[in-house]
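Undergrad: Assemble chain B onto chain A, guided by the hints.
There are 2 protein chains.
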Amino acid sequence: MSNQRPISCGLDFCAVPDLSNCLFTAHASKYEFICAPLVHPLFKREFISGKAKDRAGPFTRPDIVLCSSDWNTLVIGKLSPHIKVDSKNPSLRKNSEEALKQELALASHLGLIGVTFKLTKGIKENANLSRIICDRVSSMYSLQVWVQVPMENPIKQASSYREEDCGGIVESPWEWWNAFRIVCDYNKYVGVALIVSHDLPDQKEIDRWLGEPVKCLIFPTTLFITNKKGYPVLSKAHQTLVKKFAMLEVQFILTGQNRYQSITYYHNYLEYLWKDRASDGPVERYARGYEDYLQCPLQPLMDNLESQTYEVFEKDPVKYTQYQTAIYQAINMIVQTIEDKNKKIVIMVVGAGRGPLVCASLNAAEKANHPVKVYAVEKNPNAVLTLQALEKDLWEGKVTVVSCDMREWNSPEDADIMVSELLGSFGDNELSPECLDGIQRFLKPNGICIPSSYTSYIAPVQSSKLYNEVRQYGEKDKHSIAHFENSYVVHLQNKYDIAKPQPLFTFKHPNYAPFIDNSRYETRVFKVRQNSVLHGFSGYFDTILFNNITLSTKPSTHSPGMFSWFPIFFPIREPVQLKAGDEIVVHFWRQCNSKKVWYEWCISEPFPGPIHNPGGRSYTMGL
Amino acid sequence: MSNQRPISCGLDFCAVPDLSNCLFTAHASKYEFICAPLVHPLFKREFISGKAKDRAGPFTRPDIVLCSSDWNTLVIGKLSPHIKVDSKNPSLRKNSEEALKQELALASHLGLIGVTFKLTKGIKENANLSRIICDRVSSMYSLQVWVQVPMENPIKQASSYREEDCGGIVESPWEWWNAFRIVCDYNKYVGVALIVSHDLPDQKEIDRWLGEPVKCLIFPTTLFITNKKGYPVLSKAHQTLVKKFAMLEVQFILTGQNRYQSITYYHNYLEYLWKDRASDGPVERYARGYEDYLQCPLQPLMDNLESQTYEVFEKDPVKYTQYQTAIYQAINMIVQTIEDKNKKIVIMVVGAGRGPLVCASLNAAEKANHPVKVYAVEKNPNAVLTLQALEKDLWEGKVTVVSCDMREWNSPEDADIMVSELLGSFGDNELSPECLDGIQRFLKPNGICIPSSYTSYIAPVQSSKLYNEVRQYGEKDKHSIAHFENSYVVHLQNKYDIAKPQPLFTFKHPNYAPFIDNSRYETRVFKVRQNSVLHGFSGYFDTILFNNITLSTKPSTHSPGMFSWFPIFFPIREPVQLKAGDEIVVHFWRQCNSKKVWYEWCISEPFPGPIHNPGGRSYTMGL
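Residue numbers (our numbering), protein chains in the order written: chain A, 1 to 623; chain B, 1 to 623.
Be a bit skeptical, because a hint or two may be false.
Taking beta-carbon pairs under 7 Å as the criterion, some of the chain A residues facing chain B (in silico) [as the list claims (entries may be wrong)]: (1) A127; (2) C134; (3) S139; (4) L143; (5) A179; (6) E574; (7) Q577; (8) H587; (9) C602; (10) F607; (11) G615.
Since the hints were made in silico from the structure, they are not lab data. Built from N, CA and C at the ideal position, the CB exists for glycine as well.
With the rest of the complex left out, here is chain A (with noise of 0.2 Å):
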């Protein structure tokens, strides 16, 4: 829960005589770094043959010019633009990689923070580029690689374009991007600096992007209107573009001839803009510093839960609030149908924690003005000890706790109404199917089980971000496919959502069943809008408490202020390159045995795919 970190804004220089000069008019202007060639574009070098080959003198100027510590944080190198590795010319080619491997070789002497160049052509023409920057970005320290994107193909951008000529057919330079990434093998030093174009794409064009580790927004200031106060102003298409980006914490670069009295201005403008993005609520604090941060789903069944993680989620201003009135209507609706209203209805919380619950449900009593006896079941004896402190000095009388593994436990009544908080971020994955079907012998009959039933969804999800966390996840030793066999809990952020989400498993309580089968297998076909890449799916789950009382994680009909849920995700071993109208039909399997509770999934189409997780080898939720 880090704080908002300011604006990183960058200039642009074509040409820099002299690199210190150039550095103290950004930073006078405001600008946190600048953009400088590492080369001078006169100085043409040749290694192989022709007349440069032997021209003498330094190719550039020495490391001196800036103390290293400038170097480090203040420039980003711009690879010669002549550099043309994919060259059908030998020669030229030739030259090229020398002079490529030159500049790089340059960049990591110095230490730059990165490097940058425009990607201009589709992979079969950039095979050559793209293996060069990988294998040398590998062999490297951490420098960083922006490659240059524009948000539009240059044919739609210029003058003379008109669709028909094309067919409608004009290639984005998405694709570019995602071929370079795939030959580079989704590098994470291999990042997007993505060339705001003057016409916006369409949303979905731009909500792709959004799933890319887009690292960097670059702006020409052509793209600024002045406004009634003389001031550089962007539309508010650019301007919503700027506050979604922002969002992923990008950085900028300013680029071009300055058209205002002070350069400043531009850079005050983004500011403001970057200053006003989506406001901070109750989820966005909880939740900053863990976008798309991986975390194992909690196995509080197996495991008993920390002090820490109990206090964190007692504090979801929502959460409690629609289980106290889920809790009260049900009192109400019992009240109703029994005789004597003196008879205390007998509530049984089960998995107490330390007692948010056990208050629900004495609040909700006492608003609904009526006598209730509740058992407090625990099965964690750390937490157990906090209970029985709240029993003998707030609860005297009304609460008995009950230090037992609920599928134990003998309990010497039945119950009017069951409460539990069992649900994990995909609903049923903490097993609550499983805990509730082992008390349920101890609810009378008629009796009400709060939630009455909770829907996991799924959604297919482009995020080159989640794959790689999920590469690089774990232990080093472990086989690397167990990483794409797990499920993980994750703040969503750097992502694309290829479709919408769609319900898979529901559950209800309680369940008389003659055959309790809490096995599930269900098949979902998601249609693809435009061309993608399948990473995975986001995992999401509402619950009815009661009546109309509900908690949800869905996108779509999220509980506003509720953060205990972050969605979850199940990645996939290899990234489906999808084709906009594929289908993608996914399988997903929900299994049991005595001892544990595991999923399995694979997709089917557009290209099948290797079960995930058969037999529950890689991971599996521990009954």
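TA: This is chain B only, laid out in the frame that chain A set:
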């Protein structure tokens, strides 16, 4: 180099009232094994609900009807055809799942060779079946699963089928199999039992099956026709089929009603075809037992070859004859240009090994009737011992043995002819270019290099066998990606050639370029004829020794009888699903620095893939 194994042909039974009896019948008719239902078809079982749930009595025969060794070697168990684990009906599905697990557990208990069942649909309707098979097979001992797949879609075989009705597009059952085994993650115990159809599909479809793990061909008796003598025989097309698959050492199953006096007749005929398969040339004899067996390429420059290796390769019946002819022609050509007919021609054998090229040189000189002086340069001190013995005993006065790395040798005189045999399975992959460049300073102007040039070839290959071999190759603790970034020398058998080989890198000697550059970068495009799966690239080479004297391992021009080189195989990390009409675009680099040489490769179409072996991280050839 093992012997051909005898035929193994099983007899299929639809019902087996008495197992011993059936086995006796089959054996009396020469059949090596039988296929029998695991469970009596009438003993329907229901596990979840339904009438049969409470049926009393055993569900099948007990294990004691056969001794273990018979169960283990003579019986393939047929799964019950009523099992429908992908039914939309939840209770039929659940019952089927339990029945399937019961039968697989029984097969495991009995220790059968394998189980078999028919695949009749695509993966969308088979995902659950695939999952269960994959899961159970992984958790059991090495129980084989023979998935029966028809060669032709049954729709096509139906009498009512008219191509127009289906718009000409009928899904090939190969697609069913392909998706099924992908979901099973290429489990090596899951193989194909190919049901041979009356009308055979296109040749290319048959060829595609040759890239699959076909364990067995199933012949319905209806395929047989009666010859003049009254015995069952197969059509020419079916005979060819049997012989082709016999190369993969498949087994056979005969199914259907016997229509002859004795069911032995079918076995006799199949055995006749089996024995009549491709006759055994020197290559076949040499390669037997090495089919699809991966070997790391030799590194004769870095490592010293062993005695045995020299011995094997010296026996090649073709290679040295070709060399001798080339040397003979070279001598003759040089003789024409020199005035003093008594002047000795200087031949340098660089990399002389144990002397086969020295012998070839001396023989050629004798045949040309011209005196020669031969230098035998060899860097392996152990092989030099042999050379020195021969120098003394056999080559007195004609041969000078030089114990030295050719790149470091200071020759007292220049050569007229420089002979070497430094080529690997991929031509330049044993660093012939670097070695010869290092000694060519001792070649006279107009001197001749033998070989004078060589070219490598690549072709896209489908082979689930090789994919699995690579995946399981080598040390378990090494990062698994490394296996996919090596090349392998392998006698390719169980593979399908997706397209014809194309030339890749060419080297010529002597090389008088002002700046010698043995790095290469080439892109090749292959057209895909039918849906298939790309698992990697096979590599070959050919070489011009001198004039029109050549050696080749490229299949279409393979030097008859030559066995010195198996092809090479470059895997790719993830299989790529190909569609008919797709283009495969592959990029290959030969990279060099002062210490080593290595290849890198990647594909950019139909889907981009990562660079393999960037910077030589997984495999290099040491200089």
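Undergrad: Answer holds if the nearest beta-carbon of chain B is closer than 7 Å to that of A179 (chain A); otherwise answer violated.
TA: 4 Å, holds
Undergrad: Using Cβ atoms only, decide whether C134 (chain A) comes closer than 7 Å to chain B, and label the hint accordingly.
TA: Nearest chain B Cβ about 5 Å off; hint holds.
Undergrad: Closer than 7 Å between Cβ atoms is the bar; does L143 (chain A) clear it against chain B? Give me holds or violated.
TA: With a minimum Cβ separation of about 15 Å from chain B (threshold 7 Å), the hint on L143 (chain A) is violated.
Undergrad: Does the interface hint hold: is H587 (chain A) within less than 7 Å of chain B, judged Cβ to Cβ?
TA: Where the cut-off is 7 Å and the nearest Cβ of chain B is about 4 Å from H587 (chain A), the hint holds.
Undergrad: May I ask you to test the interface hint for C602 (chain A) with respect to chain B, counting a Cβ-Cβ separation under 7 Å as satisfied?
TA: Nearest chain B Cβ about 6 Å off; hint holds.
Undergrad: Holds or violated: F607 (chain A) as interface residue toward chain B, Cβ cutoff 7 Å?
TA: Interface hint status for F607 (chain A): holds (5 Å vs cutoff 7 Å).
Undergrad: With a cut-off of 7 Å on the beta carbons, see whether A127 (chain A) makes it to chain B.
TA: 4 Å, holds
Undergrad: Can G615 (chain A) be said to touch chain B, with a Cβ gap under 7 Å?
TA: 5 Å, holds
Undergrad: Verify the interface restraint on S139 (chain A): the C-beta must sit less than 7 Å from at least one C-beta of chain B.
TA: 6 Å, holds
Undergrad: Hint check: is the beta carbon of Q577 (chain A) less than 7 Å from a beta carbon of chain B?
TA: 5 Å, holds
Undergrad: Can the hint on E574 (chain A) be confirmed by a CB-to-CB distance to chain B that is less than 7 Å?
TA: 5 Å, holds
Checked against the numbered hints above, the structure breaks only hint 4 and satisfies the rest.
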